[in-house]
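Undergrad: Given chain A, work out where chain B should sit, using these hints.
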Amino acid sequence: MNFSNFLFMQHEIGLVAVFLILFFADILGSNDKKWFYPLASILFAAFTVAGFFFNPQGEAFGGMFVASPLTSFMKNLLNIATFLVFLQTYRWLEQKEIKERRFEYFLISLITLLGMYLMISAGNFMMLYIGMETASLPLATLVAFNKHQRKSAEAGVKFIMISALASAVMLFGVSYLYGATGTFYFSDMAANISTSPMVLLGLVFFFGGLGFKLSLVPFHLWTADVYEGAPTSITAYLSVVSKGAAAFALLFALFKVFGNIEGVWQGIVWGLSVITITLGNLFALRQTDIKRFFAFSSISQAGYIVLGIIANNSMGITATVFYVLVYVFSNLASFAVISAVENKNGGDTSIAAFNGLSKSNPKLALLMMLSVFSLGGIPFFAGFFSKFFIFMAAASAGFYLLVFIALLNTVISLFYYLMIVKAMYINKADETSVTPIKSDNYSRISMVICFVGILVVGVISGIYTYINGLAML
Amino acid sequence: MIKLEYYLIVSTLMFFIGIFGFITRKSMIAILISLELVLNAVEINFAAFNRYLFPEQMEGMFFTIFGIAITAAETAVALAIIINAYRLIGDININDATKLKG
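Here the protein sequences line up with chains A and B, keeping their order. Number 121 in numbering that gives the first Met the number 0 belongs to position 122 of the first sequence; there are no gaps in the numbering. Number 97 in numbering that gives the first Met the number 0 belongs to position 98 of the second sequence; there are no gaps in the numbering.
Next comes chain A alone, as it looks inside the complex (with noise of 0.2 Å):
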């Protein structure tokens, strides 16, 4: 055996070694572990700037593993997600019940980021289904960590039985494409492809499979009910990082295999987008609950995610990456803020929580307004240029009904969105609002980096050049 296939795996080796790092700490220390935090923290601090440095490019294990920069950029990104959501976990980690079990939240949410990363290297179905698995078994787990809330352990019975239904129909699909091409290689596959109907089916079960991943429309019942279950960090979790790996996974998948078959999918795609997006937004004008409410906004955003998807052209995937870099800040940011208001009110989740948040809590409010403009799309705010960029793509490849359909939404979700400034400025405080809230410096950290990185990465032309140039390779 080669062993130097290992040096294209820079990343997960880090990972590795951050995991097994943290688990020695865990097992051999003494009890309380006041350093435990802060040592993750910072570990995976350091791993995140790190991954920055590592660059590898080619093939592994005969074209199972995947590395190029654009692969590498990905995981970096979701690096960063991962690291704002340890920092905004400090005040939840702190509660009774959860405090003697704190460390293996890190320890299971490495190892689910582990397996998204196989997901985004793989070169071959077999990866990518291992990857997923990696990925979505301890998050089920994750999903459920409240064991002493009913709300939690519900959360946790739906995703682990989506997720395993959702790998199941994606699996049928791989198999019939198996049955026509003959290969699991996502090269080997794409020369011999063709438009039979095999192929066809298989196309079809495959995307069903990643849509319940990416929780688009017709799939996407289980999600506003898991992210409403599930404890909040673990939300923000589910609806950036988890999200955003299925994405890119579905976008490497269409344009290795399918990409020749262009036609097929791009038909899927536009219908589902214009579905997903709609009928997200429409569903979210209609929740009181905070948690629910971001969970049918994070539908409609897969919506447009996808949408950069269809262009099949590099300039669709810069788009789709960029788009994903600015979600991250953004939801972030407005989860930074939920779990705030929420660790105050003792889990009470309503909208009606925010009302006069502004007079109590101006800086969070201030955050919180910023990141739903930005995820609205209002200019200036990183939003507007990822919606921008994801529309230009769209439209380059000729869909400019899609482009215009999803434009009329942006106003759609305006609405909505500004319906949470309206109960934070303008509404009066009643006695279920929140009290000023004292952060904890962690959270304070990751909301900084969220504030920065919403006014700061759209305005910043090289980003987007710089993706735009990984994704030309």
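Check the hints yourself; a few may be wrong.
Said to hold, decoys possible - Listed below are the simulated DSSO-like cross-link pairs for lysine-lysine, each with C-alpha atoms no more than 30 Å apart in a straight line:
1. B:Lys-25 / A:Lys-150
2. A:Lys-362 / A:Lys-421
3. A:Lys-150 / A:Lys-421
4. A:Lys-437 / A:Lys-343
5. A:Lys-146 / B:Lys-25
6. A:Lys-421 / A:Lys-343
These are computed hints drawn from the structure, not numbers from a lab.
TA: For chain B alone, coordinates are given in the frame of chain A:
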């Protein structure tokens, strides 16, 4: 000689019986069994395609083995989560897991 089509018919039937069970069953354990049907249908597909269409390689068989192993892990995690839900809800009827809706 049994033809490939027969295997495909059986696996497709199993797949849709599994999906039907997943939707209609009330007990969480029965839903899990339905999921196993779906996954086993997929594994029959892999093995049959490999044996009949591409007998010179073993890729499909390998996928089957990996699939079985991962399915077992999945069942273990799902059962653990169901046991936890049973402790909190009091039974494993999926209709009682309705605290989250809206």
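Undergrad: Next, verify each hint and record whether it holds.
TA: Results of checking the hints against the structure:
1. B:Lys-25 / A:Lys-150: Holds, because 19 Å separates the two Cα atoms, which is no more than 30 Å.
2. A:Lys-362 / A:Lys-421: 16 Å, holds
3. A:Lys-150 / A:Lys-421: Given that 30 Å is the threshold and the Cα spacing comes to 29 Å, the pair holds.
4. A:Lys-437 / A:Lys-343: Given pair A:Lys-437, A:Lys-343 holds - Cα atoms ~9 Å apart, limit 30 Å.
5. A:Lys-146 / B:Lys-25: 23 Å, holds
6. A:Lys-421 / A:Lys-343: Given pair A:Lys-421, A:Lys-343 holds - Cα atoms ~21 Å apart, limit 30 Å.
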